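Just so you know, the sequences run in chain order A and B. All residue numbers for the first sequence refer to this note's numbering, where the first residue is 1 and numbers rise by one. All residue numbers for the second sequence refer to this note's numbering, where the first residue is 1 and numbers rise by one.
Note that these hints are calculated values from the structure, not bench results. No experiment lies behind these values; they were computed from the predicted model shown. Don't take every hint at face value.
A short, non-exhaustive set of chain B residues, derived as facing chain A with CB atoms under 10 Å [stated by the list, open to error]:
id, residue
1, G12
2, Y13
3, E14
4, N17
5, E22
6, M23
7, Q24
8, A25
9, Q26
10, G28
11, F31
12, N34
13, V43
14, D47
15, T50
16, G76
Distance ranges between label pairs, derived from CB positions [to be verified]:
id, chain 1, residue 1, chain 2, residue 2, range
17, B, K54, A, K74, 16 to 26 Å
18, A, K74, B, F113, 47 to 57 Å
19, A, K74, B, V71, 17 to 27 Å
20, A, A303, B, A91, 50 to 60 Å
Only pairs whose alpha carbons sit at most 35 Å apart, straight line, appear in this in silico DSBU-like list of lysine-lysine [what the hints assert, rightly or not]:
id, chain 1, residue 1, chain 2, residue 2
21, B, K36, A, K252
22, B, K11, A, K43
23, B, K72, A, K152
24, B, K2, A, K43
25, B, K11, A, K138
26, B, K36, A, K153
Glycine residues also receive a C-beta, built at the ideal position from the N, C-alpha and C atoms.
Here is how the chains run, residue by residue.
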Amino acid sequence: MEQKIIDHLFRHQFGKMVSILTRIFGLAHLETIEDAVQDTFVKAMLSWRTQMPDNPEAWLMQAAKNRMIDLFRKLSAEQKRVPNFTSGASNIAMQNMFLKHEIEDSQLRMIFTACHPLLNPQDQISFALKTISGFSIKEIASALLLKEETVKKRLVRARKSIKNKSIAFEIPMGAELPERLDRVLEVLYLIFNEGFHSNKKDILVRKELCGEAIRLSQMLLNNDLTKHANSYALFALMCFQSARLNSKVNEKNELVDLKNQDRSKWYFPLIKMGNDSMFQAVENGIFSSYHFEAAIVAEHLKAINFESTNWDKIYSWYEKLYALQPLPMTLLNMAIVQLQRNEFESAFLLLQKIKPTDLEQRAYLFYGSLAEYFIKKQDYNNAITNIDKAIELVKNESEKEYLIKKKQSLF
Amino acid sequence: MKKFMLIFIGKGYEEMNLSPEEMQAQMGKWFAWNAKMEEAGVVESGDALTSTIKRISGSDRTVTDRTATEVKELIGGYYIVKAENIEGAIAIAQDYPDYDHGGTVEVREIMVFEQ
Chain A
1 MEQKIIDHLF RHQFGKMVSI LTRIFGLAHL ETIEDAVQDT FVKAMLSWRT
51 QMPDNPEAWL MQAAKNRMID LFRKLSAEQK RVPNFTSGAS NIAMQNMFLK
101 HEIEDSQLRM IFTACHPLLN PQDQISFALK TISGFSIKEI ASALLLKEET
151 VKKRLVRARK SIKNKSIAFE IPMGAELPER LDRVLEVLYL IFNEGFHSNK
201 KDILVRKELC GEAIRLSQML LNNDLTKHAN SYALFALMCF QSARLNSKVN
251 EKNELVDLKN QDRSKWYFPL IKMGNDSMFQ AVENGIFSSY HFEAAIVAEH
301 LKAINFESTN WDKIYSWYEK LYALQPLPMT LLNMAIVQLQ RNEFESAFLL
351 LQKIKPTDLE QRAYLFYGSL AEYFIKKQDY NNAITNIDKA IELVKNESEK
401 EYLIKKKQSL F
Chain B
1 MKKFMLIFIG KGYEEMNLSP EEMQAQMGKW FAWNAKMEEA GVVESGDALT
51 STIKRISGSD RTVTDRTATE VKELIGGYYI VKAENIEGAI AIAQDYPDYD
101 HGGTVEVREI MVFEQ
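The following block holds chain A by itself, in its conformation from the complex:
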């Protein structure tokens, strides 16, 4: 009978195996370890072809143990420093690395390694996707809209930094922990946003990035050291956003804005998970930007249709978010909300505080909002000028089509 393998089993197992073996042999051997694990999957693939093992996961774990022994022999033969297996106690310690909570511990260490402050921020995401999430260079390039060559360079640079700066494979403790955890959350948030706001039409790739970010965040919540209020808030934010992912694109693969999304497509189990996490997040009463962002998305989710959106509440969350983290993107969002509340002059003032170039690839949203303001003021000449600028700057095809449609409706 045909058995079904759990989705992404290989990918997730790759991350686990690399983390366990790195904990045993050290980050210095990361490349050798990755090759050995890759080889395990080639073997699995060939030998499972006709006869799948009863428990694929256990088979792979056993294979990881065998790889441990291979690596031990290989590295000893190369006169590299290897852990001492000869005593019974250390042997037991090695075997224990394959227990569930130790595997999770190893994976967390890998997350902290990937998000280490001594690594170049650009390299952190690629390295995390490769080493923890088991993406190939091609998959990373496609997900992040980068050239494969660029991804390769980033991975090489990250590995070099880890070696040269002797980064330790550990979960930071004490005073160092909060700062390091902040960076981990930031990287996971970036991975999530790469998926959620991607210019890529392929919804599957986007879902995979969002899914990975959620999976890694969930790991943080399973560990006493990392299940911080901010981790809960970030997890909630990701759940809330993901709940809407299916409704962001319609059957014709066109982007659908919040106003026109089919709210019945919003995925309730994720909203529920987000809510549960939010309760944990607010317990100590200290809020991060993730708290406010999650609150804003939750407010959208609460509205049964676009018209019943509580813009007043959303605006006040944005004000709090801006007070904590004054980013131009937040100002832009505030202006958009003010347009919804018919506070046109306030919207205009907010927009004037923004330097469009600061918004980088999202500058088109600035011109789109300015156009919206002029439409409300029935100043169609200025509206068209700005909508043209937005059309010129927008990269995403479906958003471009949306803007063009909007422009045509003005005539």
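Given chain A's structure and the hints, the job is docking chain B onto it.
Chain B alone, transformed into the frame defined by chain A:
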């Protein structure tokens, strides 16, 4: 019913550099193909081959090592299937999963000697 050998030729999976995700997807296709053939009762046997290659040749039986990277057309495995005729065997080979990765199937009828 005649018997045919389907011989799979192409780069080894070690050389293809597939990601874990791609490997899982590829394996799923092999499963599906195998299941389909078993259900139809056409598959006799089959194996995947490792990429260790030893060649023995010449009257002095010289043994040479070939590495998978040297061999452009590596035989990666085979199936023996039953079919009415060669067209039937070709039809079975349609579901071979590695065409997109540069793989080739060679269909050869197994010779039967009549007395």
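Cross-check of the supplied hints:
{"no.": "1", "hint": "G12", "result": "holds, 8 Å"}
{"no.": "2", "hint": "Y13", "result": "holds, 5 Å"}
{"no.": "3", "hint": "E14", "result": "holds, 5 Å"}
{"no.": "4", "hint": "N17", "result": "holds, 7 Å"}
{"no.": "5", "hint": "E22", "result": "holds, 7 Å"}
{"no.": "6", "hint": "M23", "result": "holds, 5 Å"}
{"no.": "7", "hint": "Q24", "result": "holds, 4 Å"}
{"no.": "8", "hint": "A25", "result": "holds, 9 Å"}
{"no.": "9", "hint": "Q26", "result": "holds, 7 Å"}
{"no.": "10", "hint": "G28", "result": "holds, 7 Å"}
{"no.": "11", "hint": "F31", "result": "holds, 6 Å"}
{"no.": "12", "hint": "N34", "result": "holds, 6 Å"}
{"no.": "13", "hint": "V43", "result": "holds, 9 Å"}
{"no.": "14", "hint": "D47", "result": "holds, 8 Å"}
{"no.": "15", "hint": "T50", "result": "holds, 8 Å"}
{"no.": "16", "hint": "G76", "result": "holds, 8 Å"}
{"no.": "17", "hint": "B:K54 x A:K74: 16 to 26 Å", "result": "holds, 23 Å"}
{"no.": "18", "hint": "A:K74 x B:F113: 47 to 57 Å", "result": "holds, 49 Å"}
{"no.": "19", "hint": "A:K74 x B:V71: 17 to 27 Å", "result": "holds, 25 Å"}
{"no.": "20", "hint": "A:A303 x B:A91: 50 to 60 Å", "result": "holds, 56 Å"}
{"no.": "21", "hint": "B:K36 x A:K252", "result": "holds, 33 Å"}
{"no.": "22", "hint": "B:K11 x A:K43", "result": "holds, 15 Å"}
{"no.": "23", "hint": "B:K72 x A:K152", "result": "holds, 26 Å"}
{"no.": "24", "hint": "B:K2 x A:K43", "result": "holds, 32 Å"}
{"no.": "25", "hint": "B:K11 x A:K138", "result": "holds, 18 Å"}
{"no.": "26", "hint": "B:K36 x A:K153", "result": "violated, 43 Å"}
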